[in-house]
Amino acid sequence: MNDMTTFDVEKIRRDFPIFEEKIHGKRLTFLDSGASAQKPQVVLDAVKSAYAETYANVHRGVHYLSQKSTELYEGARETVRAHLNAESLDEVIFTKNTTEAINLVAQSYGLMALKPGDEIILSYLEHHSNIVPWQLIAERMGATVKAVPINQDGEFLMEEFEKLLSEKTKIVAVTHVSNAIGTIVPVKEIIAKAHDKGVPVLIDGSQAVPHMQVDVQDLDADFYVFTGHKLFAPTGIGVLYGKNKWLEQMPPYQGGGDMINRVTFEKTTYATGHSKFEAGTPPIVQAIGLGTAINYVNEIGFDKIGAHEQSLLAYATEEIRKLNNVRIIGDAPHKAAIVSFTMDGIHPHDIGTIIDQAGVAVRVGHHCAQPLMDFYDVPSTVRASFAMYNNRDDVDALVDAMQMVQRFFA
Amino acid sequence: MNDMTTFDVEKIRRDFPIFEEKIHGKRLTFLDSGASAQKPQVVLDAVKSAYAETYANVHRGVHYLSQKSTELYEGARETVRAHLNAESLDEVIFTKNTTEAINLVAQSYGLMALKPGDEIILSYLEHHSNIVPWQLIAERMGATVKAVPINQDGEFLMEEFEKLLSEKTKIVAVTHVSNAIGTIVPVKEIIAKAHDKGVPVLIDGSQAVPHMQVDVQDLDADFYVFTGHKLFAPTGIGVLYGKNKWLEQMPPYQGGGDMINRVTFEKTTYATGHSKFEAGTPPIVQAIGLGTAINYVNEIGFDKIGAHEQSLLAYATEEIRKLNNVRIIGDAPHKAAIVSFTMDGIHPHDIGTIIDQAGVAVRVGHHCAQPLMDFYDVPSTVRASFAMYNNRDDVDALVDAMQMVQRFFA
Amino acid sequence: MMDDLKSLYQEVILDHSKSPRNFGKIEPHTTEGHGDNPLCGDQVTLYVNVDDAGIITDISFEGKGCAISTASTSLLTQLVKGKSKGEATELFGQFQDMVTSSPEDTNRSEAPDELKVLAGVKQFPMRVKCATLSWHALKAALENKAALATSE
Amino acid sequence: MMDDLKSLYQEVILDHSKSPRNFGKIEPHTTEGHGDNPLCGDQVTLYVNVDDAGIITDISFEGKGCAISTASTSLLTQLVKGKSKGEATELFGQFQDMVTSSPEDTNRSEAPDELKVLAGVKQFPMRVKCATLSWHALKAALENKAALATSE
Ligand SMILES: Cc1ncc(COP(=O)(O)O)c(C=O)c1O
Ligand SMILES: Cc1ncc(COP(=O)(O)O)c(C=O)c1O
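Residue numbers (the working numbering), protein chains in the order written: chain R, 1 to 410; chain X, 411 to 820; chain G, 821 to 972; chain H, 973 to 1124.
To be clear, the hints were calculated from the coordinates, so they are not data collected in a lab. One should not assume that every hint holds.
As the list claims (entries may be wrong) - Computed list of lysine-lysine pairs in DSBU-like fashion (alpha-carbon distance at most 30 Å, straight line):
#1 X:Lys677 to R:Lys197
#2 R:Lys243 to R:Lys115
#3 R:Lys68 to X:Lys603
#4 R:Lys304 to X:Lys458
#5 H:Lys1053 to H:Lys1036
#6 H:Lys990 to R:Lys322
#7 R:Lys322 to H:Lys978
#8 X:Lys478 to R:Lys267
#9 X:Lys478 to R:Lys11
#10 H:Lys1094 to H:Lys1111
#11 X:Lys421 to R:Lys267
#12 X:Lys432 to R:Lys68
#13 H:Lys1036 to R:Lys146
#14 R:Lys22 to H:Lys978
#15 X:Lys677 to R:Lys22
#16 X:Lys556 to R:Lys267
#17 R:Lys168 to R:Lys48
#18 X:Lys677 to R:Lys168
#19 X:Lys603 to X:Lys655
#20 X:Lys478 to H:Lys1053
#21 X:Lys458 to R:Lys48
Looking at chain R on its own, in the form it has when it is part of the complex (with noise of 0.2 Å):
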């Protein structure tokens, strides 16, 4: 895929449509990739293509609209499954983004798998995506939650998740990336620890899947689940990979149409693949626009993709910590292009206000993890995250806002 020129900013900027929009008069510096992710011209084309020109109902139909719409739909799960590296096409379910993938695994996993006494295993890294929807079937079940803690930087603790490893732990959920803080989590060291106990392990990857590549055989992750909006394209598509093994023995998450084989009202019996996981009609143009948001990131390369934001990371960690009264929250080896903090004196919100009206765009809050911030003793931070087309000058725009934030509150 990847050609051999090197990685072009200006380019790329120049594919998403976004960057013409001025803000407040002002130029658009987005740093706010890490809660959703502006799009491609590539992937709205796709989305308007599959709407103008090739649109019916995927699955049942016969006829040519049918049968087109059919292929691009199936084409995109086999995007993302080679894209993944996973074994067969029936072990990518498509949803609605990571919150749905892991309330379906929680509920039809844990139903299957838990019993009263029984342990899940999660870390304060987590987003509360990832720490809900096991609270809600851990209750169900009788079950507990344990949280593997972190040390002062970030870091997952290793030594403490394998003092909670257990023959009580059912499943282990961690995130590869925390959305909050960066840290990237040593998620191959945690599956092979909890393989050796015989406990399955979900990765959360939303924060993940945009800035790296990922193998989920290389991984030999259980579930590796990521939503379609922080990796350039649409809302409303996210995705669930599962080993086969477990899928299999797996019931149903959601009944509808498409997931059956026979209904009756006695008995109804149900789909094999993921079609027993897909009820209803799926997100199709979204699922479609992901499987192009992928080929486009592909095409410019996750090595070349990954050195530029790393770049971008140190540079905006100097130009950061150059201001005064300013703490960064996490300070793991490893991270992504995440930086988070805070200011003495200064609330984050009244930070993200100002700094709006230069026309720069951070994140502001407890960026939903509010484990992780209760352990940092803050309420929320200022997060700035980047994604491929950010520049330096988008850590200028920031730092300069800053300043200006620091001069209004003097």
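Place chains X, G and H with the ligands on chain R using the hints.
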């Protein structure tokens, strides 16, 4: 909204770019809107603009794009609220599709309300998406699913319904319009009868909203669900209307971001209102597209759309009856513009394949309504389903193509 | 347009679909296999006699289906009668390859001519399931699985 | 750009946010109310003394918040001290109207001038919750609800 000019179907057709496509070199005769409807240009434009001009994640951001995106997303909620005449915005929940909306109610209301021996009443007219979710929760709670029978014309048997209603009944879930044969079900009367016994009612409006104006307060529906893609809106978006008095009592369905009040590993508290049921990043742009689609149909006006479709239905029924060896399935006096039929000695699948070569798109199969197919003792039918953009040429093309089929198999 | 259709619905196909061979239920039979096409609701049941040497001595079918599925089943019964289980499985493989391979590869298909009349189904991806349904049912019967076969 | 910001962060607001009045916990107190802003994780607790005649004789607050929320809470405590429960509720209504009404209506707002300094928040819809959080907490306290108030 509704202007005073007469209904101009050719003008409407020009609003839908798909009609510029040629199918196997032929004019597209799209009679599969019951499976999913085509999209007008305004919806495509709204989708594009939401991505290219104002895109960001909703709710948490204080920056400009997030604010704009939130305004558009919440504006779509208001459009849906007004369209259904729901009392409050908290009663409008965005889902992925109808199927998710029904599963949400089945699991959440079911978990709260069902005890062993309780009963859920459905009908023989239901789509699998309004059967299987109830079977799943019934099995889990030890409850039983009962189905109201129909007569040969495909009408809901009110007396049988009254016989089934009892103190054991905890919920009634029926379709507003049958997707397979078009019967319009007297849901207002059903709701009144159920309410007499204190039983709440869910109405599956998937096939009703594209054809008629729905007023949830007038119907007094407890839950009303529909799917966007059949209402000329994007895929990946659905709506659950629920009365506040139920939603307030119901436990959350999926856990994750945005549906919480405060998360700790010890105890998590939930948001109130629609937020409780919208976990994770919602289908933002799809909701915006749905709002646009609703405004579009309202500008045309459902009185005119209904009149046009009824005249097409009458014409199509008359013309199809003229064909040899044809049996129309479902002959209720109140029908939406759907004609389902079989042909002696020629299987629907073969019909579908052959007429597709003439550019005619119909749906062949069991239409996710196997209990109904079993009732009529057919494995499948040919279904021509009409939308506001169909015209008499579409009917003629269908009938011509059917005659070709007969010659082919003669 | 008529060309693709004519290659799908060849005379042989129309003939077999109108007058299916080996239709009905042989009694007794040593095994049976059921196929269910969840997409259209069609079902087929194969009744099979396999002798101790593993030879399919007799076979018949019941069920409703489209022209493609009925003709395919009818052809199947003619073709596997007298064959060993192994040979039948091999035929299934050749058949599957034929209906899913790219058009250029058709000529290289190893399937016997009796099956090649169904090669046209390849132009109609949504109909491939119709053609393979009974083969899945046969596989289920030969593996003596009580379980249902689906053509997916 | 600075105009909108200046109208949001007026001198009074900055002053109250840096030196909040009535900060701390009065003991004893007859009632308290808690406010939680799920969007940013901010929390505020109001401690209130209401006498038999229904007059708010004393009030204080604790909690962390942004400049807007802290200033709004500080102003609230100053304003409702000495008022009856009914008057406090009325002020809440006026305040809500002011921060959610359309810009043209601001001048017609019935809110006292002490509250009008917060009218600029209306230009920042995502910040309205910050300004109203403590009013919701006050309402919870006066209704003596153990339940948590959220500013949604
Ligand atoms: C009556 C009815 N109910 C439910 C559904 C399911 O809708 P969806 O597949 O969008 O969830 C459909 C359409 O397929 C339908 O026609
Ligand atoms: C690490 C992580 N997990 C889960 C999610 C939830 O994703 P979504 O809201 O798309 O379901 C997010 C993003 O919000 C995330 O960053």
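We went through each hint and held it up to the structure:
Between X:Lys677 and R:Lys197 the alpha-carbon distance is near 28 Å, which keeps this suggested pair within the 30 Å criterion. Straight-line distance between C-alpha atoms of R:Lys243 and R:Lys115 comes to about 22 Å, which keeps the hinted pair within the 30 Å bound. Of the supplied pair hints, the one linking R:Lys68 and X:Lys603 is violated, its CA atoms being roughly 45 Å apart against a limit of 30 Å. Between the alpha carbons of R:Lys304 and X:Lys458 the distance comes to roughly 29 Å, so the proposed pair stays at or under 30 Å and holds.
A hinted pair counts as satisfied when its Cα atoms are at most 30 Å apart, and H:Lys1053 with H:Lys1036 qualifies at roughly 21 Å. Of the supplied pair hints, the one linking H:Lys990 and R:Lys322 holds, its CA atoms being roughly 24 Å apart against a limit of 30 Å. Pair hint R:Lys322 plus H:Lys978 holds up; C-alpha atoms about 27 Å apart against a cutoff of 30 Å. Simply put, X:Lys478 and R:Lys267 have alpha-carbon atoms about 48 Å apart, too far for the 30 Å limit, and the pair is violated.
Note on X:Lys478 and R:Lys11: the hinted pairing holds, with a Cα-Cα distance of about 27 Å set against a maximum of 30 Å. Taken as a hint, the H:Lys1094 and H:Lys1111 pair is honoured in the structure, with Cα atoms around 21 Å apart against an allowance of 30 Å. For the given pair, X:Lys421 sits about 48 Å from R:Lys267 by alpha-carbon distance, which is inconsistent with the 30 Å threshold. A distance of roughly 13 Å separates the Cα atoms of X:Lys432 and R:Lys68; the hinted pair therefore holds under the 30 Å criterion.
Note on H:Lys1036 and R:Lys146: the hinted pairing holds, with a Cα-Cα distance of about 29 Å set against a maximum of 30 Å. Distance hint between R:Lys22 and H:Lys978 is fulfilled; the C-alpha atoms sit about 21 Å from each other, no more than 30 Å. Proposed proximity of X:Lys677 and R:Lys22 is contradicted: the alpha carbons are some 43 Å apart, above 30 Å. A hinted pair counts as satisfied when its Cα atoms are at most 30 Å apart, and X:Lys556 with R:Lys267 qualifies at roughly 13 Å.
Straight-line distance between C-alpha atoms of R:Lys168 and R:Lys48 comes to about 50 Å, which puts the hinted pair past the 30 Å bound. Restraint check for X:Lys677 and R:Lys168: satisfied, since their Cα atoms lie roughly 21 Å apart, inside the 30 Å limit. Distance restraint check for X:Lys603 and X:Lys655: the Cα-Cα separation of roughly 19 Å lies within the 30 Å cut-off, and the hinted pair is therefore satisfied. Only pairs whose Cα atoms come within 30 Å are accepted, and X:Lys478 paired with H:Lys1053 is rejected, the gap being roughly 38 Å.
For the hint linking X:Lys458 to R:Lys48, the alpha-carbon distance of about 8 Å falls within 30 Å, and the restraint holds.
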